[in-house]
Amino acid sequence: GAVVSQHPSWVICKSGTSVKIECRSLDFQATTMFWYRQFPKQSLMLMATSNEGSKATYEQGVEKDKFLINHASLTLSTLTVTSAHPEDSSFYICSASQGGFSTDTQYFGPGTRLTVL
Amino acid sequence: QKEVEQNSGPLSVPEGAIASLNCTYSDRGSQSFFWYRQYSGKSPELIMSIYSNGDKEDGRFTAQLNKASQYVSLLIRDSQPSDSATYLCAVTWGSQGNLIFGKGTKLSVKP
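Protein sequence lines correspond, in order, to chains A and B.
The opening residue of the first sequence carries number 1 in my numbering; numbering runs sequentially from there.
The opening residue of the second sequence carries number 1 in my numbering; numbering runs sequentially from there.
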C-alpha cells in the first residue's frame with residue numbers, strides 16, 4: 001500500500017519552455033502533497049505544500065509564478081516549471097500524506113529528473 | 001532557522017557489523033522523526049518512524065529518540081552490502097508535517 005507515482009520519470013527540454021510533472025497517489029487519498037527539489041550531492045529541499053482544492057504554500061525563496069502547483073483532486077497534484085532555465089535542472093520529487101497532520105508519514109514518488117538545455 | 005544535522009560520512013562498516021547513524025535537530029517543537037534510505041538516483045524510501053522517546057525496533061533496524069538531547073539515531077544490525085546507501089534523517093515541523101531533511105550520511109558496507 002501507500003504507492004505514489006510520478007510522470008514523467010525524466011524529461012529534457014529547451015530553455016524557455018514549460019514542463020508539467022504529475023504526482024499521483026495510487027491507493028490512498030492524499031490530503032496533502034509536497035514537492036521537493038534535490039540538486040546533486042545535496043539533500044531534499046521542500047519547495048511547496050499543497051492541499052486539495054486550495055492554493056499551495058511555497059517555501060521562502062521559491063517563486064510561485066515560476067513553479068505552478070495544482071492539487072485538483074485527492075489523488076493528483078501537478079507541478080509546472082514555467083520558462084525553464086538550465087539552473088532549474090534538478091531531481092523533483094513529490095510526496096503525499098493521508099491525513100495532513102504532523103505525525104502522518106509522507107510517501108515519496110520515484111522522482112522526475114529534469115534537464116534543461 | 002530549523003536545522004537537521006548529520007555526519008555526511010562516508011561511514012564504512014564490514015558486512016555483518018552494526019552501523020550507527022546519528023542525527024541532531026534544532027526545533028524542540030518537532031514531533032515526528034523519520035529515517036529514509038536513498039539509493040543513488042532514486043527517491044527516498046521510508047525505513048523507520050519514531051514519535052516518542054526510547055527505542056523502536058523493526059527487523060534489523062532500531063531507531064532511538066531522545067527529545068531532551070534533540071537526538072535521533074538509527075542502528076542497522078547485521079549490515080549487508082545492499083544496505084549501502086545514503087541515509088536521511090527527517091524531522092517534522094508545523095501542523096501539516098512539513099519535513100526538514102538532513103544532508104544524509106553515506107553508508108558503505110564492505111563484503
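FYI, nobody ran anything at the bench for these hints, they're computed from the structure.
Think of the CB as a built atom: it goes at the ideal place given N, C-alpha and C, for glycine as much as any other residue.
Hints may contain errors.
Simulated restraints, written as ranges between beta carbons of each label pair [as the list claims (entries may be wrong)]:
#1 A:Gly99 with B:Ala68: 19 to 29 Å
#2 B:Asn22 with A:Thr105: 16 to 26 Å
#3 A:Lys66 with B:Asp55: 23 to 33 Å
No farther apart than 27 Å at their CA atoms in a straight line, the calculated lysine-lysine pairs in the BS3-like style are these [as the list claims (entries may be wrong)]:
#4 A:Lys66 with A:Lys41
#5 A:Lys41 with A:Lys64
#6 A:Lys41 with B:Lys2
#7 A:Lys14 with B:Lys42
#8 B:Lys2 with A:Lys64
#9 B:Lys56 with B:Lys106
#10 B:Lys67 with B:Lys103
#11 B:Lys56 with B:Lys103
#12 A:Lys14 with A:Lys64
#13 B:Lys2 with B:Lys103
#14 A:Lys41 with B:Lys103
#15 A:Lys55 with A:Lys66
#16 B:Lys42 with B:Lys106
#17 A:Lys14 with A:Lys66
#18 B:Lys67 with B:Lys110
#19 B:Lys110 with A:Lys41
#20 B:Lys110 with A:Lys55
#21 B:Lys67 with B:Lys106
#22 B:Lys56 with B:Lys67
#23 A:Lys41 with A:Lys20
#24 B:Lys103 with A:Lys66
#25 B:Lys42 with A:Lys41
#26 A:Lys64 with B:Lys103
#27 A:Lys66 with B:Lys2
#28 A:Lys41 with A:Lys14
#29 A:Lys20 with A:Lys66
#30 A:Lys20 with B:Lys42
#31 A:Lys66 with B:Lys42
#32 B:Lys67 with A:Lys14
Next pair to validate is Lys20 (chain A) with Lys42 (chain B); report whether the Cα-Cα distance is within 27 Å. holds, 20 Å
Between Lys56 (chain B) and Lys106 (chain B), is the straight-line Cα distance small enough, at 27 Å or below? This hinted pair holds, its Cα atoms lying about 22 Å apart.
Does the Cβ distance between Asn22 (chain B) and Thr105 (chain A) fall inside 16 to 26 Å? At 22 Å between Cβs, range holds.
For the pair supplied as a hint, Lys67 (chain B) and Lys110 (chain B), is the alpha-carbon distance within the 27 Å limit? violated, 33 Å
Given hint Lys103 (chain B) paired with Lys56 (chain B) - CA-CA distance at most 27 Å: holds, 23 Å
Given the proposed pairing of Lys41 (chain A) with Lys2 (chain B), does the C-alpha separation stay at or below 27 Å? holds, 20 Å
Between Lys14 (chain A) and Lys66 (chain A), is the straight-line Cα distance small enough, at 27 Å or below? The hint holds at about 16 Å.
CA of Lys14 (chain A) to CA of Lys64 (chain A), is that 27 Å or under? OK: Lys14 (chain A) and Lys64 (chain A) at ~21 Å, within 27 Å.
Would you check the hint for Lys42 (chain B) and Lys106 (chain B), treating anything up to 27 Å between C-alpha atoms as holding? holds, 14 Å
Within 19 to 29 Å or not, the Cβ separation of Gly99 (chain A) and Ala68 (chain B)? The hint (19 to 29 Å, Cβ to Cβ) holds, given that Gly99 (chain A) and Ala68 (chain B) are roughly 28 Å apart.
Is the Cα-Cα distance between Lys41 (chain A) and Lys14 (chain A) 27 Å or less? holds, 24 Å
Holds or violated: Lys14 (chain A) and Lys42 (chain B), Cα atoms, limit 27 Å. holds, 24 Å
Comparing the model with each numbered hint stated earlier shows that hints 3, 18, 20 and 32 do not hold.
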